[in-house]
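Using the sequences plus the hints, can you model the full thing?
There are 2 protein chains.
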Amino acid sequence: MDELLTQVRQGRRRAIARLMTLIENDDTAAHTAVAVLHPFTGQAHIVGITGSPGSGKSTLVNELAKALRGRGGQVGIIAVDPTSPFTGGALLGDRVRMRDLAGDEGIFIRSMASRGSLGGLSQKTGALAKVLDAAGFETILIETVGAGQAEVDIASTAHTTLVVEAPGMGDEIQSNKAGILEIADILVVNKADQPTAVNTVKALKLMLQLGLRHETDNGVEPVWQTPVLEAVAVEGKGIEEIVTAVIRHRETLRANSGWHKKEAERSRQEINHLLQTRFMAQLRQTVPVAEQERLITAVAQREMDAYTAVDQLLAVMSKA
Amino acid sequence: MDELLTQVRQGRRRAIARLMTLIENDDTAAHTAVAVLHPFTGQAHIVGITGSPGSGKSTLVNELAKALRGRGGQVGIIAVDPTSPFTGGALLGDRVRMRDLAGDEGIFIRSMASRGSLGGLSQKTGALAKVLDAAGFETILIETVGAGQAEVDIASTAHTTLVVEAPGMGDEIQSNKAGILEIADILVVNKADQPTAVNTVKALKLMLQLGLRHETDNGVEPVWQTPVLEAVAVEGKGIEEIVTAVIRHRETLRANSGWHKKEAERSRQEINHLLQTRFMAQLRQTVPVAEQERLITAVAQREMDAYTAVDQLLAVMSKA
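Chains as they are written, first to last, in numbering that gives the first Met the number 0: chain P, 0 to 319; chain Z, 0 to 319.
Simulated from the structure, these hints should not be mistaken for lab results. Honestly, I wouldn't trust all of these hints.
Note that the list lumps identical chains together, so a pair holds whenever it fits in one copy or between two copies.
Claimed, not checked - Derived DSBU-like pairs: lysine-lysine, alpha-carbon spacing no greater than 30 Å straight-line:
| id | residue 1 | residue 2 |
| --- | --- | --- |
| 1 | Lys-123 | Lys-261 |
| 2 | Lys-204 | Lys-318 |
| 3 | Lys-261 | Lys-204 |
| 4 | Lys-123 | Lys-260 |
| 5 | Lys-123 | Lys-65 |
Structure (structure tokens):
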């Protein structure tokens, strides 16, 4: 493992990929390895990119990676794919990507299937980002699908959150935008060559002006004004402007306390997650499985409520 | 609180609403109340309805509620709205609903904003469902937006999961469907009067036939075959067929071990969540805030890794 970590820090691709596989497989040695790498992280700019299916976000991520490469520096892509591991969708995505970005040693791509990894997903994404960070990647793009929890998690992990919208995707979108605006540092209307794009841009700008953002709640002038940018990712249009905004956001964070706040928030989450994992492991070690199952069945059959079951579990644990 | 619980069990609407508000506000008394209600739950059929924004799922839920009422029995609706609490979107949704379903004492509607309730959302949804269950509601419809974690959570909470699709919503949808198929007990293609609907139905049926479902993995013939149904919810078309499928799924679960498995899974999650909540509360009580913040800062500044920080926190806890 020491040799592997040395190679990771040298930026050796095979070592990076191998460590990532260990992390994905929840290998115990990998947890220790990530801890060892921790002091060598903190330099990379972590950018979360999120948006609905069909917004063309994967294409946009590829174009952003190419443009960031053009400005120097290595770029890592972590794509969180909600496809079933069973269908191999994540691997397929990788192959499509590889064809597009192939031959560039400065770009590293990793897809991660999200199904089945209940709860631990954002932790694993964070660990993969740490590997790339320690390997010297300047920018790490984390791509996720979906509205809801996943987006909130990304927002608390990334330094910069970019939300991709497609023009006019239905009436329900409107009511969902408010939540999205709260986490977006940069808004991109992709497929901006479609006729309805102008309305989407207008609506987003209006909502931003109406002061739906957190920062204005307390009457303090926000340090950062969320820009609404237009792009046609398949034609490479609007990409440079987005890259400029991404870099400008990073500089704004660094010039203020924003960067440190994000790092502290990520550390807090990491510590809490580890604490809970340790506690649940302790539970499994001290309470026999048969006893755990007996209590679960009792609650399921309404012979006992969950609070009483928890009291009994904690009592067994404290006696051990 | 005793009086409130008595009234809840009598199905009194104001009492139900009041207890739900206490639950949403994380009131400690509400937690105890839910525990007290637990023995009186377990009768309701919990149906999760999920789908992308724009699939017309809210309209479909309203129509299903009306149709279920037509077959007798009270119906509860819990709508998990990803809108910001700040914008009041959830309340707006309620008002639109109320206009549509107003005057029917046998339907109870509650919207819940999901923003900000990191992690605890599915627990709160579960608690609200328990209140309606104890109040004698036969069917509880839980509506959620979004692809990803929220859907998986719903699937593990509901007895029956209904996934709503709109016709041809973009190329990325295709790769996301595999994940959706794994959790869907019933698939509904809404807006089936659109010309591309026939392709969506065909694609879904094909994917089901290709054996992407869990149950066929182990070579065992599945007890339940996921039907693909068509609907035009705004015109009330296809609703009766969906209601029939929902009831048929409930009967299939009850005739097999499915119902008990779902109850056990829900109990397991409830116990685990309570355990973690208790543990974190204990941490807050025994470790001074300044010490917690010192460790978080040390990790954020790369002076310490998270594992070491957790070791130190646990050491302080065990001494207390």
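Determine which of the earlier numbered hints do not hold for this structure and return their numbers in increasing order.
2
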